[in-house]
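Visitor: Residue 2 is where the sequence shown starts when you use our numbering, and the numbers rise one by one after that.
Some clues are possibly wrong.
What the hints assert, rightly or not - Derived pair list, reagent style BS3-like, types lysine-lysine, alpha-carbon separation capped at 27 Å: (1) 52 - 25; (2) 61 - 23; (3) 61 - 51; (4) 23 - 52; (5) 90 - 23; (6) 68 - 51; (7) 83 - 23; (8) 23 - 89; (9) 25 - 61; (10) 90 - 3; (11) 3 - 68; (12) 78 - 3; (13) 78 - 89; (14) 78 - 90; (15) 89 - 3; (16) 68 - 83; (17) 68 - 52; (18) 3 - 25; (19) 83 - 3; (20) 25 - 51; (21) 23 - 68; (22) 3 - 23; (23) 25 - 68; (24) 68 - 78.
Said to hold, decoys possible - Derived CB-CB ranges, DEER-like: (25) 16 - 75: 31 to 37 Å; (26) 87 - 58: 30 to 36 Å; (27) 56 - 34: 20 to 26 Å.
Think of the hints as simulated: they come from the structure by calculation, not from any bench.
Built from N, CA and C at the ideal position, the CB exists for glycine as well.
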Amino acid sequence: MKYIIDSHAWINYFDGNSAGQKVKEIIENNSNEIITNILCLSELSSFMTKKGFDPENSHKTILSMSKIYRFDIEFAKEAGIKHAEIRKKTSWQSSTLN
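Work out the full structure, taking the sequences as your base and the hints as a guide.
Guide: Here you go:
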């Protein structure tokens, strides 16, 4: 199965918390295809540096365990629109549950 792993998921993976364990099961399953957005490398560099860690180690791990997806402007626009649509649905569902 294909999985797109975002920055938040990689942070959980490196942190080793309970959410990270779920991510680990997905990432380390050799039958899965792991894809990471190229911007995640930038976001993880920032996060790791703020936490006092060397971002090079996380980059090496990501590069060895996933394919890096380099997107274009059209894809970025479409992804933003889809993200807003998903958030709108999620926000509506969350507000009706409270």
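Visitor: Where does the structure disagree with the numbered hints, that is, which hint numbers, in rising order?
Guide: Violated hints: none; all satisfied.
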